[in-house]
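Each residue of the sequence shown is one higher than the last, beginning at 4 in the numbering used here.
Don't read these hints as lab results, they were simulated from the structure.
Some clues are possibly wrong.
Result set (DSS-like, lysine-lysine): computed pairs, CA atoms no more than 25 Å apart in a straight line [unchecked claim]:
no. : residue 1 : residue 2
1   : Lys-34    : Lys-171
2   : Lys-171   : Lys-37
3   : Lys-208   : Lys-235
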Amino acid sequence: MSPRLGALLGLLALAGCQPAVNAMYGVGDCKLEKLGEAPVETRSKLVMVSVRIDGHPADLVVDTGAERTLLSPAAVTRLHLYPDMVHGTRSWGVGGPTAHFDAAVDDFELAGMQLPLRSVAVGDLDVTPLQGGVDGVLGTDVLRWFTVDLDAPDGRMTLYRGEPCWLKAPPWPEASTPLEGVRVGRSGRELPRMLLLPIEIDGVKAMALLDTGSQASAITLALADRVGVSEKVLRSDPAITIGGAGPDTVSAPLHRFHSLRVGAWIATNPVLPVLDLPQQLDQQPLIEERAWQGLIGQDFLHGHRLWFSLAGWQVFISRPGPPVTQP
Numbered sequence: 004m005s006p007r008l009g010a011l012l013g014l015l016a017l018a019g020c021q022p023a024v025n026a027m028y029g030v031g032d033c034k035l036e037k038l039g040e041a042p043v044e045t046r047s048k049l050v051m052v053s054v055r056i057d058g059h060p061a062d063l064v065v066d067t068g069a070e071r072t073l074l075s076p077a078a079v080t081r082l083h084l085y086p087d088m089v090h091g092t093r094s095w096g097v098g099g100p101t102a103h104f105d106a107a108v109d110d111f112e113l114a115g116m117q118l119p120l121r122s123v124a125v126g127d128l129d130v131t132p133l134q135g136g137v138d139g140v141l142g143t144d145v146l147r148w149f150t151v152d153l154d155a156p157d158g159r160m161t162l163y164r165g166e167p168c169w170l171k172a173p174p175w176p177e178a179s180t181p182l183e184g185v186r187v188g189r190s191g192r193e194l195p196r197m198l199l200l201p202i203e204i205d206g207v208k209a210m211a212l213l214d215t216g217s218q219a220s221a222i223t224l225a226l227a228d229r230v231g232v233s234e235k236v237l238r239s240d241p242a243i244t245i246g247g248a249g250p251d252t253v254s255a256p257l258h259r260f261h262s263l264r265v266g267a268w269i270a271t272n273p274v275l276p277v278l279d280l281p282q283q284l285d286q287q288p289l290i291e292e293r294a295w296q297g298l299i300g301q302d303f304l305h306g307h308r309l310w311f312s313l314a315g316w317q318v319f320i321s322r323p324g325p326p327v328t329q330p
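Use the sequences and the hints to build the structure in full.
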């Protein structure tokens, strides 16, 4: 594992709406309408997509863990954007809180489509390990408008109309790898902005944030305590420096657990960072029963095709191979 983990934890939001449940793809009003397709590139396991902002290209991380699309201050300068003096964003990430005026946008283009996005958040991003650099993240304020087929292995992201419907399987070729669907949590009546997956670590069940903007999976200090791993034990573990959204870096212990289960995927002897998150993150009521206490990042998602719909309250991940064992 790299000594510096670029976990791009972004803003978190309340999520939720009840989907219209359809028996399968193609029934009733659930037919998918393809809206556009964009090439994607994988750098340091993170999936990058190119957008155009006021006529200038920008490279953004596709980030289901960020509530808002965000640009770094350097990108705002390079793109010649002006501050939105009416709207500002205070965010909490792994690297601590940041506060900036938003950046006003006249034209935001993704996959050949002009989107009605008139401002984007501005915040500090510690992504120095990312080869080629990054201008920001594409968050769920945009992604929730679509049903997304993120096919990173083949280098493309296909966007469908994001109407709420329930699919038995995504419309992938029959010859593709068998699929596993995972239902996600919700809270409240608003359109969900986050995707939550049920996980099980050392036999303890919890909910984890599906975070395509994090290079590695992790759990919170609260979940480690539920598993029976005390802070005293964690202090004897090796540590890793983590950077992400926010101006600072933090040190997180790396603890070896017995197993991590996500759907049909099981990792044995996984070594996971344990994050002592700011209270604003750790206690977000993203689901009614319990806040999320872990995140599933690109160490799990890398090399797999991902289908997700925030409006449809649904996730599909191409079925992984044999159980994963870490030495």
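**OP:** Hint by hint, work out which the structure violates, then give me just those numbers in ascending order.
**Re:** none
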